[in-house]
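Protein chains in written order, with the working numbering: chain P, 2 to 395; chain D, 2 to 395.
Hints were generated in silico from the structure; no laboratory data involved.
Identical chains blur together in the list; that is why a pair holds if it fits in one copy or across any two.
The calculated DSBU-like cross-link candidates involving lysine-lysine, where the alpha carbons are at most 35 Å apart (straight line), are:
#1 310 with 42
#2 272 with 309
#3 44 with 272
#4 272 with 231
Number of protein chains: 2
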Amino acid sequence: MARRACIIAGGMCKWGVREASLVDMAQEAAKDCLEDIPGLKPKDIDGFFFATSYAGRCSFQVNTAPVIAERVGIKPTSICARVDVLCAGGSTAILLAKGLVESGMADIVMVAGGEKLYTPQKWEVFYSELASIDHDWDAPNGLGLPPPFFALTAKEHMKRYGTTKEQLAWVSVVNYNYGAENPKAQFQKKLTLEEALGAPPVVPPLTLYDCCPITDGAAAVIVAEESRAKDLTDRPLVYIRGGAQASLHSVSANWPGEHLADWAHLRVAAKRAYESAKVGPDDIDVAQTHDCFSISEVIEVEELGFCKKGEGGAFIESGQTKIGGKVPINTDGGLLSCGHPFGATGIRQAIEIMKQLQGRARFQVEGAEIALTHNLSGLNVEHTIVIYGREPVK
Amino acid sequence: MARRACIIAGGMCKWGVREASLVDMAQEAAKDCLEDIPGLKPKDIDGFFFATSYAGRCSFQVNTAPVIAERVGIKPTSICARVDVLCAGGSTAILLAKGLVESGMADIVMVAGGEKLYTPQKWEVFYSELASIDHDWDAPNGLGLPPPFFALTAKEHMKRYGTTKEQLAWVSVVNYNYGAENPKAQFQKKLTLEEALGAPPVVPPLTLYDCCPITDGAAAVIVAEESRAKDLTDRPLVYIRGGAQASLHSVSANWPGEHLADWAHLRVAAKRAYESAKVGPDDIDVAQTHDCFSISEVIEVEELGFCKKGEGGAFIESGQTKIGGKVPINTDGGLLSCGHPFGATGIRQAIEIMKQLQGRARFQVEGAEIALTHNLSGLNVEHTIVIYGREPVK
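Go ahead and model the full structure; you've got the sequences and the hints to work with.
Right, here's the structure in full:
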């Protein structure tokens, strides 16, 4: 019989500005995760992934996986590896865990991730950001930190489709208001449209609440083979039905779309992910998309097929991403409110989706059966999608 | 029918001290790999892993996978990720590719790896080395660079088992003499026992030829699903039968063996790998073990089960790792002669094993059917094993 991978537990440390090391935060997250699944003993965990990008530079720790495995108290005998896909490292590691579990190479894998970005040397983070793009090509041509790049993207979308500053602001308002109730989020703050519109500029047209913050944090989930999962928990099983990660270009000169607001590579990833999970965009009951900037979520709801191209702003403004709308999105606060410790973000998303499909989310989407997480990484060079369901693919 | 993963092509750039960037070397290696399999079009490659540890610090490039994928001319739509397990990154990425292919998430994956370690700032390499161990625990206690650690290990093995300096030297003599014929190796130099014994000290008892060098280099292989592999090549198929990666500890204070020359974690990895591949140590016809230091290979032949504990030195001295011996080892020169660009080493080993099982190696082991690669990583905190065969596991 085919082996299937399920996500059965998850946990996080408090995200924000932390006086804690990366290893400390990973330990907190793993403890929170293990407390979510009382039947699981650390010795049963045979695989471990840790997703991080800046650990070498900002935490002075390369080869983080064994260091963190020991601090967490597990002794993996199938796999113990660090994964780095920048902002999509966590979701990528979940896909890798799926492969190992389904192939029979591992039975129970902890997938964790995190970053320590507030350091005494603040320039380390920006220095690392400059090393995260293609440093031979884009950096010398002036493309470095993300805000200017996504500001250009926002301008393009506004020009072509009439997207408004108010529509961008609605992304932040909706997501902040979810995050206000999330004790692990960086910000617990309700946001009004007026506050969002009156915020100071970052790079026009993007203002403060259009941009996710710099964040310390870690998160962890358990991916288990179906029969082991059934032994370990009475909660509804959440199957990892499918996924994909597309990387069609790296340097900005080879952008795969017609223009900066046309994310052809996300469409490729979405098509492949939907096919692997045997579902379509209309089947998605709840989603977590990569709202690193408000404009990102606007374009993502289009390219993921939740609305027509160009209509993302109106879709969000009309309440379709709120509970009761067509596809509730970022129901735990998203990157905008929770923050974005790169390697941890896809794992945070997976935790929220697991809880939604098990009926135990803070803002519960009633009867949710199929769900999706999405990450972009780099200067929009990769897209990673994972699709979850209450039923396995048949 | 179960999906199976095969390794069907491989290539390397010249290893050594290179006036080339990491991305340049990865491109050279990928070109060499693609030329090894004329039927394969870059557009057919749907997955890409890049294994590297020091790219962030020494090459100022984080999130290397999409940058290198683009330079290589491939557009992955299943996976595109960087893997870091230090010295075992390459072999770990091969295990991950196996999982993706067998689970149906990918069909044809390029697994590449490399490091650029000679930089204008030579201290960057040593600085990164210090960040590669557990920097909270081992570094402040004086355990930093590998040579002193492996010198202690050698002293322990000599004291307990009577291993001699001559036996250590034989490891280097055998491996250098294989490497002398390998145009991609860092050193093409035959070595006599007298030269090895007369070499200058590094950390006693280890001398120059007991230690692998600092190396620039990259390597790449193609892992393909069985039916696709059959369409692409008429060469014998080389199946990835199984493997494992054990990480039982991180800090030296929690060493899992009875003493430094007792590698209990390697035995755990070996047992699990053999079980997954349904073979035992006596079935291995040819192997590539991690000879970062001569003492490493001595202990590895013991813990992998090729000879009894304590007899590794005599096993190698008596010629059992040469062609015609019980288990020819490091038949392309190993780390000692080829060099050790961390993320690339497991991939170099896989290329040599593939060629051995296809009957096209430089120093051919006649009729080889089952083969093994082994890597250790960090200050001996992880062991990774991959087992290959002319037949799949049944």
